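K.L.:
The chain contents come next:
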Amino acid sequence: MKYFSALAATLFALVIWQGIVTLTGLPKFILPGPALVAETWWQNRWLIAEHTWITAIEVVIGLACGTLLGVVTALQLANSRAARVLVQPMLVFTQALPVFALAPLLTLWLGYGLWSKVAMAVLIIYFPITSSFFDGLMRTPPGYLDLARTMQASKRAVLWHIRIPAALPSLASGMRLAAVYAPIGAVIGEWVGSSQGLGYLMLLANGRAKTDLMFAAMLTLGVFSILLHMIIRRATARMAGEMR
Amino acid sequence: MTPAPDLTISGSATIDDATLFAPLNLTLGAGQWTCLLGGSGVGKTTVLRLIAGLATGATFSGRITASDGLPVPERVAYMAQDDLLLPWANVAQNVSLGASLRGEKVDLDRRNRLINRMRLQDHMNKKPPELSGGQRQRVALARTLMEDRPIVLLDEPFSALDARTRADMQELAAEALQGRTVLLVTHDPAEAARLGQSIVVMTEHGLTPCDPPHAPAPRNVDDLETLETQGALLRLLREDAA
Chain A
1 MKYFSALAAT
11 LFALVIWQGI
21 VTLTGLPKFI
31 LPGPALVAET
41 WWQNRWLIAE
51 HTWITAIEVV
61 IGLACGTLLG
71 VVTALQLANS
81 RAARVLVQPM
91 LVFTQALPVF
101 ALAPLLTLWL
111 GYGLWSKVAM
121 AVLIIYFPIT
131 SSFFDGLMRT
141 PPGYLDLART
151 MQASKRAVLW
161 HIRIPAALPS
171 LASGMRLAAV
181 YAPIGAVIGE
191 WVGSSQGLGY
201 LMLLANGRAK
211 TDLMFAAMLT
221 LGVFSILLHM
231 IIRRATARMA
241 GEMR
Chain B
1 MTPAPDLTIS
11 GSATIDDATL
21 FAPLNLTLGA
31 GQWTCLLGGS
41 GVGKTTVLRL
51 IAGLATGATF
61 SGRITASDGL
71 PVPERVAYMA
81 QDDLLLPWAN
91 VAQNVSLGAS
101 LRGEKVDLDR
111 RNRLINRMRL
121 QDHMNKKPPE
131 LSGGQRQRVA
141 LARTLMEDRP
151 IVLLDEPFSA
161 LDARTRADMQ
171 ELAAEALQGR
181 TVLLVTHDPA
191 EAARLGQSIV
201 VMTEHGLTPC
211 DPPHAPAPRN
221 VDDLETLETQ
231 GALLRLLRED
241 AA
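So the sequence lines, in the order shown, correspond to chains A and B.
Just so we're aligned, residue 1 is where the first sequence starts under our numbering, counting upward by one.
Just so we're aligned, residue 1 is where the second sequence starts under our numbering, counting upward by one.
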C-alpha cells in the first residue's frame, strides 16, 4: 500500500509536469518534459553518477562530523552552566546568519575542494543536531533523577545511564532533520565554487542552456536526499525507541 | 544494612512565604510501617521528599534525625507512584540500577533471588513497555529491595493499579519490607487501614494520630476492624475538608 501510494503520487506528478509542457508549449530549454529528462538522464548516467558520488562523499562526511560535533557540544552545554551562558547565544547567532553568505568565506578559507563543502554541510546540520540533543538532555523525566539521587549516583553515572539514553529519541529526530539539510549544504558549497558534484553539474548545465541535464541532476539530488533520509530513519529507529 | 532506626521529622515548611505545613512532629517507629494519610496538597509528599533529601521547592526549617544518629538520605530507598523503570533497560538491568549507577559490581545471585521472589523470572529480559502495570510495579519493588536500605519511602506506589493488583501488591510489599522503617504516603484510607502499624492523618491543621486495627498487617480486606478504621479515617479526612 505504501509503495502503491508512492508510485501513484509519482505518476500524478509526472502527468501534471507533462501536462504543463504540452499545454504551454514552452521550448525545451525553458521546461523540458519528463520523457526528455529521462532520456538525458540515461545518456548521461555515468556523468551524473560520477558527480553524485562526489556530493555523496561530502554529505556523508559532513553528516558524520556535524553529528559528532553537535553531540559533543550538546553534552558540554548540558553539563556546564558556564557553557550555556557563553556558547548558547553564539549558537543561535550562527543560525541567524544565512549560510549562503558564509559559503564564499568557507571557499576562501578551505579552498575549492572537498572540505569547504563538508564544512557547509556541517554548518547547516550542526544547530539542529545540537539543539535537539541538548533539549533531550535537559528534559530528563525528573522522577528518574530523584530515583538516581536516592541511589547516590554520581553526576557522570546519571549522564551515562539515564540522561543520554533518555535523550536518544531527541537526537534521532535531530539526525533525521540533518539528513535532509546536509545535501542542501553541500550543494550550496558546490554552487559557490567547485569543479565537481551535483551542484556544479546543475550550474554547468544551466549555464549552457542544457536545462534537461539540469533537471536530471536536480532529480538525482532529490532521490539521493530521500534515500539518505530513509537510511538515517532506519538507522535511528532503535534510538528513537520505535523498535522497543 | 544497618538496623532500622526510629526516624523523627520536626519542623515546618513554607513555599514563597506561604505556609505549606505548620510545625509538626512525626516519628516513624523503627522497623514499622507508618502510613501518612492526607488529601492532595497538604504536603505529605513534601515530608517524604524531605526525608529522602530530594528537592521540594519548599523551605524547610526543622530537623530530620535517626535514632542511631547516622545520616538519613543515604540510607533511604524510594518508590513512587510512577514505577520509574527505564524503558530502554530490561527487567534485570532495572532491578540492579542502583549498583550500575554507583559503579558497583551487581550481586547477581541476590538480583536473581529477588526477581524470583517477585515472580518475574519469566520476564528477566523483557523491557518495561512489554509488562503489565502490576508486573512493572513488582519490578520497582524488586529494585527497591535490591537497594537493601533500612528506611523505605513509598509515595503512593500502588495508587495507579487496579483494585485486585493493588491488594496483591500491598500484601507483597508488606511481607517483603518487614523489619524496615517504612513511610507510606497515601490518600487511600483503605490502604492505610490495611498496612499501617501506625497511622497518621495529615491535614492543613497538622497531624492527627489514629489507632491502627489490632490484627497484624497486612490485614484482610474484609476484616471488620480494618473496615471500621477505614471508615473512621475517611470521616477524619472529610471533616477536615468541610
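Take the hints with a grain of salt, since some may be wrong.
Stated by the list, open to error - Restricting the straight-line Cα-Cα distance to at most 30 Å, the calculated cross-link-like pairs of lysine-lysine (DSBU-like) are:
#	chain 1	residue 1	chain 2	residue 2
1	A	Lys-155	B	Lys-127
2	A	Lys-155	B	Lys-126
3	B	Lys-105	B	Lys-127
4	B	Lys-105	A	Lys-155
5	B	Lys-126	B	Lys-105
6	A	Lys-155	A	Lys-28
Unchecked claim - Distance ranges between label pairs, derived from CB positions:
#	chain 1	residue 1	chain 2	residue 2	range
7	B	Glu-239	A	Leu-168	46 to 52 Å
8	A	Gln-76	B	Ser-10	41 to 47 Å
9	A	Ala-6	B	Ala-18	58 to 64 Å
10	B	Thr-59	A	Lys-2	56 to 62 Å
Stated by the list, open to error - To spell it out: a stretch of chain A is covered by chain B in this simulated footprint if at least three of its residues, at any positions, have a beta carbon under 8 Å from a beta carbon of chain B; those stretches are:
#	stretch
11	39-46
12	142-153
These aren't lab readings, by the way, just hints derived from the structure by calculation.
Bear in mind that the values here come from a model prediction, so they are computed numbers and not experimental data.
From the three backbone atoms N, C-alpha and C, an ideal C-beta is built for every residue, glycine too.
K.L.:
Hints first: check each against the structure and report whether it holds.
P.N.:
Results for each hint:
With a C-alpha separation of about 25 Å, the suggested pair Lys-155(A) and Lys-127(B) falls inside the 30 Å cut-off, and the hint holds. Taking the CA atoms of Lys-155(A) and Lys-126(B), the gap is near 28 Å; set against the 30 Å cutoff, the hint holds. The suggested pairing of Lys-105(B) with Lys-127(B) holds, with an alpha-carbon distance near 22 Å, which does not exceed 30 Å. The hinted pair formed by Lys-105(B) and Lys-155(A) meets the criterion: a straight-line CA distance of about 18 Å does not exceed 30 Å.
A hinted pair counts as satisfied when its Cα atoms are at most 30 Å apart, and Lys-126(B) with Lys-105(B) qualifies at roughly 22 Å. Among the hinted pairs, Lys-155(A) with Lys-28(A) is inconsistent with the structure: their alpha-carbon atoms are about 64 Å apart, more than 30 Å. At about 51 Å, the CB distance of Glu-239(B) to Leu-168(A) agrees with the hint of 46 to 52 Å. Between Gln-76(A) and Ser-10(B) the beta carbons are some 43 Å apart, a value that agrees with the proposed interval 41 to 47 Å.
Judged by the Cβ atoms, the range 58 to 64 Å given for Ala-6(A) and Ala-18(B) holds: they are separated by roughly 60 Å. Take Thr-59(B) and Lys-2(A): their Cβ atoms lie about 57 Å apart, and the range 56 to 62 Å holds. Requiring three or more residues with a Cβ within less than 8 Å of a Cβ of chain B, the coverage given for the stretch 39-46 of chain A is violated, as only 0 such residues are present. Remark: the stretch 142-153 of chain A is confirmed as covered by chain B, as 10 of its residues place a Cβ nearer than 8 Å to a Cβ of that chain, reaching the required three.
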